[in-house]
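K.L.:
Construct the entire structure; sequences and hints are all you get.
Going line by line, the protein sequences match chains X and U.
Quick note on numbering that gives the first Met the number 0: the first sequence kicks off at 0 and runs consecutively.
Quick note on numbering that gives the first Met the number 0: the second sequence kicks off at 0 and runs consecutively.
Careful, some of the hints might be misleading.
Cut-off 25 Å, straight-line C-alpha distance, at most; resulting in silico cross-link-like pairs (SDA-like, lysine to any residue) [claimed, not checked]: (1) Lys-62/U with Lys-201/X; (2) Lys-58/X with Leu-4/U; (3) Lys-58/X with Ala-33/U; (4) Lys-62/U with Leu-35/X; (5) Lys-58/X with Glu-26/U; (6) Lys-62/U with Ala-244/X; (7) Lys-62/U with Phe-20/X; (8) Lys-40/X with Leu-4/U; (9) Lys-201/X with Asn-72/X; (10) Lys-196/X with Tyr-25/U; (11) Lys-196/X with Gln-247/X; (12) Lys-162/X with Ile-72/U.
To give an idea of the chain X side of the interface with chain U (calculated C-beta under 7 Å), a few residues [claimed, not checked]: (13) Ser-16; (14) Phe-20; (15) Ile-24; (16) Phe-60; (17) Arg-123.
For the record, the hints were derived by calculation from the structure and aren't laboratory data.
Owing to the predicted nature of the structure, the values given are computational and were not obtained by experimental measurement.
Ideal placement from N, C-alpha and C gives every residue a C-beta, glycine not left out.
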Amino acid sequence: MSVLNIKISQKTKRGASSLGFFILIVLVILLMLTRLNIGSKILGSSQFGLITTGTYISKMFQRITTSEDDLHNKIEELQSQVSDLMLERVENVLLRQHLNELEYLLAYSEQISYKSTAARVIARSHESRESILIDKGSNEGIREGLAVVIESGHIVGVVSEVKSFSSVVTLISDIQSSIPAAILGDSKTIGIVEGQKGYLMKMEFIPQGVELNVNDVVVTSGLDEEIPSGFIIGLVSEIIKDETALFQQVMIEALYTSDDFLNVLVIDPVIE
Amino acid sequence: MFYELSLALLFILSILFQVSFIDALYEPLNAIPAHFIIGVLVMHRGDALHGIAWFIISGFALKIFGFDSALTISYIAVAFIGALLATRMFANRSVYALEGLGILMLLVFILVNAIPELLNYSITADYFYSYNHALISVIVGLYLGFLVARNLEHLIENLFLIKKR
Numbered sequence: 000m001s002v003l004n005i006k007i008s009q010k011t012k013r014g015a016s017s018l019g020f021f022i023l024i025v026l027v028i029l030l031m032l033t034r035l036n037i038g039s040k041i042l043g044s045s046q047f048g049l050i051t052t053g054t055y056i057s058k059m060f061q062r063i064t065t066s067e068d069d070l071h072n073k074i075e076e077l078q079s080q081v082s083d084l085m086l087e088r089v090e091n092v093l094l095r096q097h098l099n100e101l102e103y104l105l106a107y108s109e110q111i112s113y114k115s116t117a118a119r120v121i122a123r124s125h126e127s128r129e130s131i132l133i134d135k136g137s138n139e140g141i142r143e144g145l146a147v148v149i150e151s152g153h154i155v156g157v158v159s160e161v162k163s164f165s166s167v168v169t170l171i172s173d174i175q176s177s178i179p180a181a182i183l184g185d186s187k188t189i190g191i192v193e194g195q196k197g198y199l200m201k202m203e204f205i206p207q208g209v210e211l212n213v214n215d216v217v218v219t220s221g222l223d224e225e226i227p228s229g230f231i232i233g234l235v236s237e238i239i240k241d242e243t244a245l246f247q248q249v250m251i252e253a254l255y256t257s258d259d260f261l262n263v264l265v266i267d268p269v270i271e
Numbered sequence: 000m001f002y003e004l005s006l007a008l009l010f011i012l013s014i015l016f017q018v019s020f021i022d023a024l025y026e027p028l029n030a031i032p033a034h035f036i037i038g039v040l041v042m043h044r045g046d047a048l049h050g051i052a053w054f055i056i057s058g059f060a061l062k063i064f065g066f067d068s069a070l071t072i073s074y075i076a077v078a079f080i081g082a083l084l085a086t087r088m089f090a091n092r093s094v095y096a097l098e099g100l101g102i103l104m105l106l107v108f109i110l111v112n113a114i115p116e117l118l119n120y121s122i123t124a125d126y127f128y129s130y131n132h133a134l135i136s137v138i139v140g141l142y143l144g145f146l147v148a149r150n151l152e153h154l155i156e157n158l159f160l161i162k163k164r
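P.N.:
As structure tokens, this is what we get:
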């Protein structure tokens, strides 16, 4: 009986020490990966590698499962966009000449540029929240509220949570996202763009008298001091007008989804 | 020591694989709970104590490395109920016991996670529908995991000349 007791107690002791050792190793690795600079770099690189592979496979899967009709519709849509762009190009040439002159004048008066930090997407939320995790945090000067854009100047989200070596970015299509914006149509209309369930965003409380058109460009208005003006949010895709209502609302389609980019720029409007 | 070290590395790698690779996949592939499946395998084929630690630490670690909307309390509940089921009800090391354990653990996880919505009367059928793919993945994943684990155990027994009882 006593031999049995000794055996059981030895087994329990061994089990407890094995468990303790397992927990210790896990905690040490977790601390190394989240607190040490080199650990966070290894973590960031491995997560970036995995998310790149995952995104590539996801795109392949998406391409296989997209129906032929969808592709035809997409081609027609793109063709009409190309013809619109051709017209815009002519306008752009004339405008660019004007802009060059203004730029020279502006350069004399003040030289303002935003501080930008390049970051990589290392995780993506697919649940109710539309968010991404980037590999730069408070150690690189990232703080809450800063705009996150992709290289072509399209705003994709706002930094909503900052850790030492990583940050959470709430995408503009997220239901909790709201960004001061302006519609560049016949007149400049200012409002708040809010995310909602699904792919589109909405802008409410636009007075009935304002003339809006589908495909008007929506940009950031600059009313939020952390988000500079002029970053493209998307295009007006639908105008909801009710004659009996005081206001009209528009649905906005973003030009990029979170699957379309893996590198972002965090814009800090601090004057350098 | 080798076992604990391998288990710890498996834990970290499976978390990174879950939050960065699987979550980036297109629906319904992003519903595969790979880290959860490996945890159930550890609970059943390995030691229940390690299984408890696996799920409890997961509740915190998944939130550090990525996005996980599940409640930490659901992981803690799954850890203890899973250990109880693994030692009392599904102690048999067959694939049926493993599948039973995995399905019950997932159901506990889903139910505990639904408590806030249940209390607010805001739960809809869509909530449970969203776990359909996870349930199928757990059934398939555990079967494949069982085959891998059994072959791995045989390989280790032959490699290190471990005598069978």
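K.L.:
With reference to the structure, classify each hint as holding or not holding.
P.N.:
Evaluation of the provided hints:
1. Simply put, Lys-62/U and Lys-201/X have alpha-carbon atoms about 30 Å apart, too far for the 25 Å limit, and the pair is violated.
2. Distance restraint check for Lys-58/X and Leu-4/U: the Cα-Cα separation of roughly 36 Å exceeds the 25 Å cut-off, and the hinted pair is therefore not satisfied.
3. This hinted pair checks out: Lys-58/X and Ala-33/U have alpha carbons roughly 21 Å apart, not beyond 25 Å.
4. The hinted pair formed by Lys-62/U and Leu-35/X meets the criterion: a straight-line CA distance of about 18 Å does not exceed 25 Å.
5. Simply put, Lys-58/X and Glu-26/U have alpha-carbon atoms about 11 Å apart, close enough for the 25 Å limit, and the pair holds.
6. At most 25 Å may separate the alpha-carbon atoms for a hinted pair to count; Lys-62/U and Ala-244/X exceed this at roughly 44 Å.
7. For the given pair, Lys-62/U sits about 23 Å from Phe-20/X by alpha-carbon distance, which is consistent with the 25 Å threshold.
8. For a cut-off of 25 Å, the pair hint linking Lys-40/X to Leu-4/U stands: about 22 Å separates their Cα positions.
9. Note on Lys-201/X and Asn-72/X: the hinted pairing holds, with a Cα-Cα distance of about 24 Å set against a maximum of 25 Å.
10. This hinted pair checks out: Lys-196/X and Tyr-25/U have alpha carbons roughly 18 Å apart, not beyond 25 Å.
11. Of the supplied pair hints, the one linking Lys-196/X and Gln-247/X holds, its CA atoms being roughly 20 Å apart against a limit of 25 Å.
12. Distance restraint check for Lys-162/X and Ile-72/U: the Cα-Cα separation of roughly 23 Å lies within the 25 Å cut-off, and the hinted pair is therefore satisfied.
13. Taking 7 Å as the C-beta cut-off, the interface hint given for Ser-16/X is violated, the closest approach to chain U being about 9 Å.
14. For Phe-20/X, the shortest C-beta to C-beta distance to chain U is roughly 5 Å, which falls under 7 Å, so the interface hint holds.
15. Interface restraint check for Ile-24/X: the shortest CB-CB distance to chain U comes to about 4 Å, inside 7 Å, so the restraint holds.
16. Interface restraint check for Phe-60/X: the shortest CB-CB distance to chain U comes to about 5 Å, inside 7 Å, so the restraint holds.
17. Interface hint at Arg-123/X: satisfied, since its Cβ lies 5 Å from the closest Cβ of chain U, which is below the 7 Å cut-off.
Hint compliance for this structure: hints 1, 2, 6 and 13 are broken, all remaining hints hold.
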